[in-house]
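**Q** So the sequence shown is numbered by UniProt numbering: it starts at 1 and just counts up by one.
There could be a bad hint or two in this list.
Below, in silico cross-link-like pairs of lysine to any residue (SDA-like), each with a Cα-Cα straight-line distance of 25 Å or less [what the hints assert, rightly or not]:
#: 1; residue 1: K147; residue 2: R211
#: 2; residue 1: K326; residue 2: G294
#: 3; residue 1: K168; residue 2: R211
#: 4; residue 1: K147; residue 2: R115
Pair ranges (Cβ atoms, derived) [claimed, not checked]:
#: 5; residue 1: Q227; residue 2: E36; range: 54 to 60 Å
#: 6; residue 1: Q320; residue 2: A136; range: 24 to 30 Å
#: 7; residue 1: T152; residue 2: R51; range: 25 to 31 Å
The set of hints was computed from the structure by calculation and includes no laboratory data. Only a predicted model underlies this, so the values are computations on that prediction, with no experimental measurement involved. Quick reminder that beta carbons are idealized off the backbone N, C-alpha and C, glycines included.
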Amino acid sequence: MVLDMSLDELFDQFDKLRVLIIGDVMLDSYVWGRVERISPEAPVPVVTVDRRELRLGGAGNVLLNVQALGAEAIICSVIGTDGPGDQLEQELCNRGLNCNGLIRSKARITTIKERIIAGSQQVVRVDTETDKYITADERAQLVAKAKELIPTCHVVIFEDYDKGVLSKEAIAEITDFANEQQIPTVVDPKKRNFLSYQNTTLFKPNLKELREGLKVDFDVDKPEELQAAVDQLKETLNLKGALITLSERGAFIDYNNEKLKLPAHIRKIADVSGAGDTVISIAACCVALKQSPGIIAGLSNLGGGLVCESVGVVPIDKAQLKQEAKESL
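Could you put together the complete structure from these sequences and hints?
**A** Rendered as structure tokens:
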């Protein structure tokens, strides 16, 4: 794999980037405890709480990964004026993240996903959320914030969790503006808006999202069938490039007239949660620095595998990523 600059230079350049993340930011709440009896009210376990923890979820984990790479991560999103919204904004501030693009709405609830864990077993997850699109006024505010911030940034990440912050209209207006400013756009899509990301720079679905988004089935182990699906994706959305994550099969990139399939690195997998957030963060920073498809896919694929060795959702360890990249890229 040919490096456009040394790995030391590349990792130093990450520190100079400003990355705008637009999408659904949420709170992950964890309640840890123990079960010693069954409730007399219903045949359910009673969890005696030992500790609670709040973490950034959704686009928040992308912010943390971008920050872990050394870049400045800026959120552009809409959350509620409720208690969880206050907690979410406080979590962002506590971690030194830029909240200049955060919009608070009285008409909207803040997404919070609460996990009740007894011992090592998740007992139940309670989601407080809405997936309704933000109002036209809120959308106008979101687009205005994005247009204010984009000229000061090096790359835009659309981090879509289908919770309503991103709509077809907002995506189109923001993408058109970014393209006018010659700022690349990198997309982590979900099902509802899958076909709305026209004219973006790099589109990163996983295999399931690619099949469902295009409503096609194909044998991923047959290179010509995978390539045909990617060709269809690029043509349908008029993309400059696509990066397809293939889980244990690695990754495939079609970008800047290069097509590469990279195998997954053999690892002891503890937890795949958050791997996609790491991949999109690394890919976006590499795109911002005009790296080759081989480096974009290779470093992203490596980072996505690395975080799978940790339990829970954790951002990438920059020093570890750099060391492994020197050994394997």
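**Q** The structure should be examined with respect to each hint, and the outcome stated for every one.
**A** Taking the hints in turn, this is what the structure says about them:
no.	hint	in the structure
1	K147 <-> R211	32 Å, violated
2	K326 <-> G294	14 Å, holds
3	K168 <-> R211	20 Å, holds
4	K147 <-> R115	36 Å, violated
5	Q227 <-> E36: 54 to 60 Å	56 Å, holds
6	Q320 <-> A136: 24 to 30 Å	45 Å, violated
7	T152 <-> R51: 25 to 31 Å	39 Å, violated
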